[in-house]
Amino acid sequence: MIKYYTFKIKRYLPNETPKTRWDEFRVKLNNMERVLDGLIKIKETMDGTLTFRKSCAHGVCGSCAMKINGKNRLACQTLVKDLPEIIEIEPLPSLPVIKDLVVDMTLFFQKNDKVLPYLINEEPPPQRERIQSPQDQHKILESITCIMCGSCTTSCPVFWSDKEYLGPSALLKAYRFLFDTRDKATEQRLKAITGQDGIWRCHSIFNCVEVCPKEIDITKHILKLKRLAIKKGFKGGQE
Amino acid sequence: MEINKHYFDTIIIGSGLAGCRAAIECIENGTVGVLSKLYPTRSHSTAAQGGIGAALGNEEEDSPEWHTYDTVKGSDFLGDQDAIEIMCYDAIPTIIELEHMGVPFSRTVEGKIAQRRFGGHTRDFGKAPVRRACYSADRTGHAVLFALYEQCQLRGVRFFQEFQVIDIVIENQAIQGVIAINIKDGSIHVFEAKIVIIASGGYGKIFKVTSNAYASTGECLSMLFRQGLPLEDMEFFQFHPTGLYGLGILITEGARGEGGILINGKGERFMERYAPTIKDLAPRDMVSRAILSEIREGRGIDGQDYVYLDLRHVDKKILHERLPEITTFCKIYMGIDPSEAPIPVVPTAHYAMGGIPTDIDGRVLRDVDGSFVQGLFAAGECACVSVHGANRLGCNSLLDTVVFGRRAGKAASSILKSSTKGKVKKERLALIIECLEMLKNNKGKETVASIRKELQQAMMDKCSVFRTEEELKLLVDEIKTLKERYKEIEITDKSKTFNTDLLEAIELGHMLTLAEVIASSALQRTESRGAHYREDYPKRDDENWMKHTLAFQTEKGITFKYKPVKITRFKPEERKY
Ligand SMILES: Cc1cc2nc3c(=O)[nH]c(=O)nc-3n(C[C@H](O)[C@H](O)[C@H](O)COP(=O)(O)OP(=O)(O)OC[C@H]3O[C@@H](n4cnc5c(N)ncnc54)[C@H](O)[C@@H]3O)c2cc1C
Ligand code: SF4
Ligand code: FES
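Chains as they are written, first to last, in my numbering: chain A, 1 to 239; chain B, 1 to 577.
Some clues are possibly wrong.
Stated by the list, open to error - Under the rule of at most 30 Å between Cα atoms (straight-line distance), these lysine-lysine pairs were calculated in the DSSO-like manner: (1) A:41 - B:480; (2) B:445 - A:10; (3) B:208 - A:81; (4) A:71 - A:41; (5) A:19 - B:184; (6) A:10 - B:440; (7) B:496 - B:425; (8) B:443 - A:28; (9) A:114 - A:81; (10) B:443 - A:41; (11) A:163 - A:224; (12) B:331 - A:3; (13) A:19 - B:443; (14) B:112 - A:184; (15) B:317 - A:139; (16) B:494 - A:8; (17) B:331 - A:220; (18) B:494 - A:67.
Keep in mind that the hints were calculated from the coordinates and are not lab data.
These numbers come from a predicted model, not from an experiment.
Model the full structure from these sequences, guided by the hints.
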């Protein structure tokens, strides 16, 4: 089935005046096509200046997160047939816009760097693999599927009001290592996430869970982090 | 125009598995800058699903010798056996090392790395399928890439993300450095270095239906080719048998490894006819041909141009635990649940066996005599060592990226002290900037999108699974016309900020160059071997064609030279499964 859709796109062109405007495009798409296909059609046939990030086109690389009809989602994973005829698109909120739908993700990635995002284990490794039971591996299973798309953190009201907050994605990354039985930097990492910008700031608003394209229950993971922190003696707020 | 200059001992182009693995090696001995047109973890390695091969023997008896044999046979005897042996024996320590670096592999009940079956991987020289692919559910590439990137961060590797390389500077047969655009603001950056390692991945986007990412355009290969360096075995391009119908999105071979089967319109498990011993787990070239033969002979589903991949009989728990990602793809993109309905599939352009010729330590070769470009290395899908020969086996590519990424890094480090710092001349830079400006301001009636579309369609129609002289000749002419038309392109975006319009135009120019190399290489090889199947020459011809093709650009157009295949242990035999 082929149908016309109206794409209303919030433009940001740093060298034009005014810098910001809304443009409308009418695009013909079939029911297997995604918002990303629509954007590509517009760029290819109507306006070559329209700018957005893309790469894998099937929801695994995390490039194409944007706000579509009020909700952060991946353009390549959102089928147009599931949307109304008018599709409103904006860049991810609360990060500086570079151009059109491209935001500057530097701040988002920097949050990640703060939680020591790598396996730390200084014991000399065994000859073969470190043994980890399937049950233990399952503890981190959900958290390792994160594609760093930024949908969660930029949908979080705590982050909107305070850019110092580590945010759901970075905390999930901390979880990924804290609950990996092979990692030995528990104290260090808990220290990094229990300061005033860390886990205690999460008020379980669940916006992140609602938007995560990988359906990760991020809030549940943050709760587990809180429990671990308390167990290890890192108390609320001022550590 | 203001130019930003940088110096690093080693520059690596690409932050996929090969680039990141090389960086971990190089940072031990000097400064390293990694340039990537994407944020590192968005590299296409992240899309790899099914697994990474190593004869760990965690699930059943296995040996690197069997792995070597399978790879040689899978390559249709075109793979270089010295390199294959290195890969298959190095596989074991390399995977163990990845585990130590933090890769969250799936586990066996004893807590070891879990392994599953994959196409063409067998026990005891072809007797039966063996569990050899190490995996992390069906997100293996993602799991390995994150771990490697994280280790790079830990070790202080500098990343220049969203920097697109537009020139690789070689002078006096030695590498000098690279020139790149910072995509964010359009500024030009010169990186001088002692060593450059190219790890720029594949180029599946030359074909219309592909499992590859938008970024897989292959410009770095073309940059070398245009400077007179050879490209090896470009006629061998793998079509993966199971791409989602209409989209090309990959359904991993791991799905068949876990018990999935292919069925045609008559409900037959047709692979029994083509590969009686290992059936659906035959190598990809054979399965892709089988699927298209079924379709051609009218046995597609309802006579249409696809077949089914059937997973309905596979335990739901296995689907959930080991194949969650592809299950989700089917639900999102096709609206089907693989535990209840079969998946419509057709072959999709997937993997480039050919590429930049290198020796077993990643040194980039300049000619058939084994001479190389001083200080220049390549690893990963962009390179041709050649371990995959005429057809790559599943789960051997991720392995190739880490084994040879590591080896290239080591070899590069070992010559660092004795190497001199490269120098990018002003004239070279001026020329590149001039070309950019010309492209940006060019006036004409052609668009990037229309030429790209025609190229992708032509390559798909005339240079995919089945090929003939007649069609390949037409194709070469068509590409030449497209190249002429390319001179008339006009882009709309004239700005400096995040100008993807301009970057895509640059990529397209290189895609046209590569396409011509692929088509011409396919035209000159008058035999059928692995993924290169010529309907007019349906037999493998060892007498005349047991050799690697090296394509060169000369004033007379593309010319060819040949390099012998290294045969050590396994003599060529007929390929039966
Ligand atoms: C869907 C899919 C599934 C797969 N599954 C498997 C599997 O299960 N097992 C297996 O063994 N293999 C698999 N493969 C193959 C394997 O994933 C790839 O061959 C491998 O990941 C390539 O890695 P790489 O490091 O060479 O390149 P890539 O990961 O593609 O990285 C290329 C890098 O180069 C950069 N780059 C390119 N050009 C430029 C430029 N001009 N300037 C700056 N940077 C540039 C990119 O930004 C990127 O960082 C799969 C492939 C696909 C497409
Ligand atoms: S947790 Fe989900 S929403 Fe957040 S960055 Fe990861 S994938 Fe995106
Ligand atoms: S393009 Fe990769 S997630 Fe959308």
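Exercise for the section: Mind checking the alpha carbons of residue 71 (chain A) and residue 41 (chain A) for me, to see if they're no more than 30 Å apart? Expected result: OK: residue 71 (chain A) and residue 41 (chain A) at ~22 Å, within 30 Å.
Problem - Pair hint residue 19 (chain A) and residue 184 (chain B), alpha-carbon separation not exceeding 30 Å - result: Holds, because 17 Å separates the two Cα atoms, which is no more than 30 Å.
Handout entry: Pairwise hint evaluation, residue 480 (chain B) against residue 41 (chain A), where the allowed Cα distance is 30 Å at most
Key = holds (26 Å)
Problem - Pair hint residue 331 (chain B) and residue 3 (chain A), alpha-carbon separation not exceeding 30 Å - result: Status holds; Cα separation ~22 Å.
Exercise for the section: Please work out if residue 496 (chain B) and residue 425 (chain B) have their alpha carbons no farther apart than 30 Å. Expected result: Distance of about 24 Å is within 30 Å: holds.
Problem - Given pair status - residue 184 (chain A), residue 112 (chain B), alpha carbons within 30 Å - result: OK: residue 112 (chain B) and residue 184 (chain A) at ~19 Å, within 30 Å.
Exercise for the section: Compare the distance between the alpha carbons of residue 331 (chain B) and residue 220 (chain A) with 30 Å, and conclude whether the hinted pair is satisfied. Expected result: The given pair, whose Cα atoms are some 25 Å apart, holds under the 30 Å limit.
Handout entry: Pair hint outcome, residue 163 (chain A) versus residue 224 (chain A) [Cα-Cα no greater than 30 Å]
Key = Status holds; Cα separation ~23 Å.
Handout entry: Hint consistency between residue 494 (chain B) and residue 67 (chain A) [alpha-carbon to alpha-carbon, up to 30 Å]
Key = holds (26 Å)
Problem - Given pair status - residue 8 (chain A), residue 494 (chain B), alpha carbons within 30 Å - result: holds (23 Å)
Practice task
Below or equal to 30 Å on CA atoms is what counts here, so check residue 443 (chain B) against residue 41 (chain A).
Solution key: holds (22 Å)
Problem - Straight-line alpha-carbon gap residue 19 (chain A) to residue 443 (chain B), limit 30 Å - result: Holds: residue 19 (chain A) and residue 443 (chain B) sit about 26 Å apart, inside 30 Å.
Checked against the numbered hints above, the structure violates only hint 9.
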